[in-house]
Amino acid sequence: MSFLDRERTVARPGFSRWLVPPAALCIHLCIGQAYAFSVFNLPMTKLIGISKSAPDDWKLTELGWIFSIAIVFLGLSAAVFGRWVEDGGPRRAMFTAGLCWSVGFLLSAVGVYAHQLWLIYLGYGVLGGIGLGIGYISPVSTLIKWFPDRPGMATGMAIMGFGGGAFIASPLSVWLMQKFSTPTHVGVAETFIALGCIYFVFTMVGAAIVRVPAPGWLPAGYTPPAVAQKLITKNDVYVYDALKTPQFWLIWWVLCLNVTAGIGVLGQASAMSQEMFPGRVTPVAAAGFVGLISLFNMLGRFFWASTSDLIGRKNTYYCFFVIGTVLYILVPHTGAIGSVTLFVLCFVVIISMYGGGFSTVPAYLKDMFGTRYVGAIHGMLLTAWSAAGIFGPVLVNYIRQYQIDSGVPKAQAYNTTMYIMAGLLVIGFICNALVRAVHDRYHMKSEQESAQASVAGARA
Amino acid sequence: MSNANENGATTLYLVLAWGFVGIPLVWGVLKTLENAMKLFQ
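Protein chains in written order, with this note's numbering: chain A, 1 to 460; chain B, 461 to 501.
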């Protein structure tokens with residue numbers, strides 16, 4: 001399998017760096033399907049009963065665990081395999097991620113066919129989750145190395161694909177289920193097989209295209225700054241030393257708080273819009289609202305990460321926290337004055353910044369810790385996403401329920417949550433303000449030290 | 461001549477690679493926009 005080796009992926013002279021973003025998109029558009037997994041939930045509750053759930057059919061609560069397991073394994077595998085991804089190169093990582101992701105679908109198809117839920121937990125949840133984690137971080141450091149002049153834009157393009165994957169997966173899955181369904185069969189297993197095959201082809205194309213730049217390569221006309229800027233280091237920090245720095249944990253909280261504020265709302269957007277504007281936002285319109293904020297989630301990933309190349313990462317996060325706080329405080333007022341347009345406007349901006357938080361963070365890490373281990377450090381930072389995946393929905397759902405139980409009308413049940421989200425963003429602002437340049441003692445001093453780190457990593 | 465051929469091949473690769481990911485993405489975005497319009501009807 002030497003085809004997968006990092007040495008075999010070094011670009012020849014004349015290779016266009018603009019071929020690397022589509023390679024990254026090949027993997028991110030596939031794994032972005034995770035955001036659309038909910039389209040299978042309802043059909044999977046009718047695998048036996050077909051037209052309605054039978055007593056032996058799976059419950060929605062049982063099916064909800066599939067996505068949760070996948071997200072937990074995303075965070076774990078990104079943290080555990082980050083160093084391996086960095087050393088093995090992008091092609092090996094993309095190949096492995098594609099294989100895990102596709103086989104996860106095929107195993108899930110067997111689970112649906114045999115009506116064994118544990119096989120789906122294992123297939124989509126564990127194996128697919130590992131594919132998600134490795135796939136998510138696999139092109140990040142490669143893109144940063146190809147685009148030293150615009151690292152934010154480059155990683156923004158790839159991570160935009162993760163947001164966009166659901167746009168393809170959702171209508172495609174519905175269409176495939178329609179094609180494969182019969183009066184006695186809902187067609188989920190066949191759809192899983194078809195998706196597994198499609199995603200395998202896509203990820204393998206990405207793995208074939210991807211290249212790493214030759215050592216010392218720089219884009220034509222680009223001269224790296226002679227002296228390090230205040231918050232952009234010219235040194236590298238060893239992956240496990242990064243964990244010892246306050247900067248890593250401050251950025252961990254910056255990401256966690258930004259994601260917590262967005263993720264809870266993203267999951268409850270449909271119900272929230274209908275409950276805040278009863279009779280005015282129908283279920284169909286609410287579905288449109290969910291689509292619209294997903295679109296801004298994707299566009300925000302590219303827009304904000306590209307903007308960060310111009311105004312700096314720290315300032316970009318300041319924008320998220322200041323604008324986000326103001327908008328969260330405004331949301332209850334949009335309900336009070338009955339303005340659906342203002343409500344939609346607030347949330348599309350909020351969600352664009354939620355997406356922007358994900359896509360700007362790799363470049364923020366590169367500025368702080370250098371390019372050498374940025375992929376592995378990014379992998380460990382993604383545990384913040386897993387944590388936010390628990391905090392966000394719990395905050396929104398439980399506070400809403402508490403408000404309703406206390407007699408607050410449904411239309412106003414989200415007000416307290418919005419103010420709490422604004423409070424979280426204020427804490428995020430403070431964490432961001434505390435980020436300073438990494439102390440010299442954490443910098444890798446020489447090539448010899450880098451080599452020792454590599455040996456230590458290989459033994460670990 | 462060889463340089464011109466190389467440039468042509470690179471352009472072709474770029475079109476193919478971006479088309480491979482761009483076409484499905486644009487299709488998905490259009491489908492989403494189609495649904496999102498229902499919010500304003």
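Hints are supplied without guarantee of correctness; some may be wrong.
[As the list claims (entries may be wrong)] Subject to a maximum C-alpha distance of 25 Å in a straight line, what follows is the list of computed BS3-like cross-link-like pairs (lysine-lysine):
#1 A/K234 <-> B/K498
#2 A/K230 <-> A/K410
#3 A/K234 <-> A/K445
#4 B/K498 <-> A/K410
#5 A/K244 <-> A/K234
[What the hints assert, rightly or not] Here are the computed distance ranges between Cβ atoms for each label pair:
#6 B/L493 <-> A/P215: 28 to 36 Å
#7 B/V475 <-> A/W249: 38 to 46 Å
#8 B/L474 <-> A/P148: 15 to 23 Å
#9 A/H185 <-> B/W487: 25 to 33 Å
#10 A/V10 <-> B/L474: 13 to 21 Å
#11 B/M497 <-> A/L434: 39 to 47 Å
#12 A/K410 <-> B/L493: 24 to 32 Å
#13 A/R441 <-> B/M497: 50 to 58 Å
#14 B/L493 <-> A/K234: 21 to 29 Å
[Stated by the list, open to error] Here chain B is said to cover these stretches of chain A; the calculated rule only asks that three of the stretch's residues, wherever they fall, bring their Cβ under 8 Å from a Cβ of chain B:
#15 24-32
#16 287-293
It should be emphasised that the hints constitute simulated quantities derived from the structure, not laboratory data. Glycine is no exception: its CB is placed at the ideal position from the N, C-alpha and C atoms.
Hint by hint, here is what the structure shows:
1. Note on A/K234 and B/K498: the hinted pairing is violated, with a Cα-Cα distance of about 50 Å set against a maximum of 25 Å.
2. Proximity of A/K230 to A/K410 is assessed by CA-CA distance (about 49 Å); at most 25 Å being required, the pair is judged violated.
3. Note on A/K234 and A/K445: the hinted pairing holds, with a Cα-Cα distance of about 12 Å set against a maximum of 25 Å.
4. Straight-line distance between C-alpha atoms of B/K498 and A/K410 comes to about 23 Å, which keeps the hinted pair within the 25 Å bound.
5. At most 25 Å may separate the alpha-carbon atoms for a hinted pair to count; A/K244 and A/K234 meet this at roughly 19 Å.
6. A C-beta distance of roughly 44 Å is found between B/L493 and A/P215, which places it outside the suggested range of 28 to 36 Å.
7. Our hint of 38 to 46 Å for B/V475 and A/W249 holds, since their Cβ atoms are close to 44 Å apart.
8. Distance hint for B/L474 and A/P148: a CB-CB separation of about 20 Å, consistent with the stated range 15 to 23 Å.
9. As the Cβ distance of A/H185 to B/W487 is approximately 27 Å, the hint placing it in 25 to 33 Å holds.
10. The given range of 13 to 21 Å is respected by A/V10 and B/L474, whose C-beta atoms sit roughly 20 Å from each other.
11. Between B/M497 and A/L434, the C-beta spacing of about 44 Å keeps the proposed range 39 to 47 Å intact.
12. Taking 24 to 32 Å as the suggested C-beta distance range, the pair A/K410 and B/L493 conforms, at roughly 29 Å.
13. Between A/R441 and B/M497 the Cβ separation comes to about 57 Å, which falls inside the hinted range of 50 to 58 Å.
14. Our hint of 21 to 29 Å for B/L493 and A/K234 is violated, since their Cβ atoms are close to 44 Å apart.
15. Given a C-beta distance limit of less than 8 Å, the hint that chain B covers the region 24-32 of chain A holds, as 3 residues qualify and 3 suffice.
16. With 5 residues carrying a beta carbon less than 8 Å from a beta carbon of chain B, the region 287-293 of chain A meets the three-residue requirement, and the given coverage holds.
In summary, the numbered hints that this structure violates are 1, 2, 6 and 14.
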